[in-house]
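Top line first, the protein sequences correspond to chains A and B. Those letters in the first sequence? Residues 1 to 113, by my numbering. Those letters in the second sequence? Residues 1 to 115, by my numbering.
Note that these hints are calculated values from the structure, not bench results. Glycine is no exception: its CB is placed at the ideal position from the N, C-alpha and C atoms. You may find that some hints are simply not true.
Simulated crosslink set (DSSO-like; lysine-lysine; CA at most 27 Å straight-line) [what the hints assert, rightly or not]:
#1 A:Lys68 with A:Lys1
#2 B:Lys78 with B:Lys11
#3 A:Lys110 with A:Lys42
#4 A:Lys42 with B:Lys78
#5 B:Lys11 with B:Lys57
#6 B:Lys14 with A:Lys42
#7 B:Lys78 with B:Lys57
#8 A:Lys1 with B:Lys57
#9 B:Lys14 with B:Lys78
#10 B:Lys11 with A:Lys42
#11 B:Lys14 with B:Lys57
#12 B:Lys57 with A:Lys42
The following residues of chain B were derived to be distant from chain A, with all beta-carbon distances above 10 Å [stated by the list, open to error]:
#13 Gly16
#14 Leu55
#15 Phe66
#16 Lys78
#17 Gln83
#18 Glu85
#19 Leu91
#20 Tyr105
#21 Arg111
#22 Thr113
One side of the interface only, derived from the structure: several residues of chain A facing chain B at Cβ under 8 Å [stated by the list, open to error]:
#23 Tyr31
#24 Asn32
#25 Leu47
#26 Leu48
#27 Leu49
#28 Gln51
#29 Gln93
#30 Gly98
#31 Asn99
#32 Phe103
#33 Gly104
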Amino acid sequence: KQEVTQIPAALSVPEGENLVLNCSFTDSAIYNLQWFRQDPGKGLTSLLLIQSSQREQTSGRLNASLDKSSGRSTLYIAASQPGDSATYLCAAQVTGGGNKLTFGTGTQLKVEL
Amino acid sequence: GAGVSQSPRYKVAKRGQDVALRCDPISGHVSLFWYQQALGQGPEFLTYFQNEAQLDKSGLPSDRFFAERPEGSVSTLKIQRTQQEDSAVYLCASSWEDTGGAEQYFGPGTRLTVT
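The task is simple: from the sequences and hints, build the whole structure.
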């Protein structure tokens with residue numbers, strides 16, 4: 001059974017700092033790894049999707065990497081802003097798992113002025 | 001175009017009541033998923049449809065939970081005789097293909113509170 005872990009559970013940083021969020025998964029047989037953002041009381045916004053054949057994806061100030069062999073993904077946020085404050089979730093889609101996503105418990109990020 | 005929509009956004013039910021939660025996926029999307037998110041946790045899979053066929057219901061926590069998608073578009077998640085432990089946000093997602101690897105797009109969720 002796929003298990004996904006995110007570290008740290010919470011993070012507080014000053015504005016402008018670069019930061020890294022970590023995601024680890026136990027089953028390397030995945031189709032893809034997705035990073036989401038969730039604002040309080042809201043649904044999930046997809047940030048980046050990395051297919052299993054890819055090593056990284058970039059969108060603006062966000063860069064996500066994937067290392068299947070070690071079961072790890074990282075989300076790098078450059079020059080953080082207060083508007084980046086949210087909970088960040090990673091999710092793995094396991095091959096043969098019926099297309100469902102297995103989520104981590106998230107990292108709650110606060111970027112302070 | 002319109003994204004995934006869910007209704008109601010908020011639902012308060014007394015213990016023992018039945019509730020029905022609706023999901024309108026993105027038009028043309030073949031796959032539809034329901035997830036349950038407890039407070040402070042990541043979403044957990046409940047069930048999956050490919051068109052009108054329910055292919056995986058392994059995540060439904062009890063036989064009080066029932067989902068349907070009769071015409072392959074709108075889906076309804078029904079919870080009978082609600083219990084306090086059913087309080088959670090219920091998220092619906094859709095994707096355009098039925099093979100593995102397609103991106104899932106999420107709705108805003110329905111927050112269910114059972115009192």
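Taking the closest pair, is the beta carbon of B:Lys78 still more than 10 Å from chain A?
About 20 Å separates B:Lys78 from the closest Cβ of chain A, which puts it past 10 Å; holds.
Least C-beta distance from B:Leu91 to chain A larger than 10 Å:
6 Å, violated
Pair hint A:Lys42 and B:Lys78, alpha-carbon separation not exceeding 27 Å
Since the Cα atoms of A:Lys42 and B:Lys78 sit roughly 21 Å apart, the hinted pair holds (cutoff 27 Å).
Beyond 10 Å from every chain A Cβ: check whether that's true for B:Glu85.
18 Å, holds
Going straight from one Cα to the other, do B:Lys57 and A:Lys42 come out at no more than 27 Å?
Measuring from Cα to Cα gives roughly 25 Å; hence the hint holds.
Under the criterion that the straight-line Cα-Cα distance not exceed 27 Å, is the pair B:Lys14, B:Lys57 satisfied?
26 Å, holds
Please check whether the beta-carbon of B:Leu55 is more than 10 Å away from every beta-carbon in chain A.
6 Å, violated
Compare the distance between the alpha carbons of B:Lys78 and B:Lys57 with 27 Å, and conclude whether the hinted pair is satisfied.
13 Å, holds
Need the status of pair B:Lys11, A:Lys42: alpha-carbon distance at most 27 Å?
Holds: B:Lys11 and A:Lys42 sit about 15 Å apart, inside 27 Å.
Quick one: work out the minimum CB distance from B:Gly16 to chain A and report holds if it exceeds 10 Å, violated otherwise.
Label holds. Min Cβ-Cβ 27 Å, cutoff 10 Å.
Taken at face value, is the distance from the CA of B:Lys11 to the CA of B:Lys78 at most 27 Å?
Within the cut-off at roughly 13 Å; holds.
Is it correct that the beta-carbon of B:Gln83 has no partner in chain A closer than or equal to 10 Å?
Non-interface label stands for B:Gln83: nearest chain A Cβ at 23 Å, farther than 10 Å.
The structure fails to meet hints 14, 19, 20, 21, 25 and 26 from the earlier list, while all remaining hints are met.
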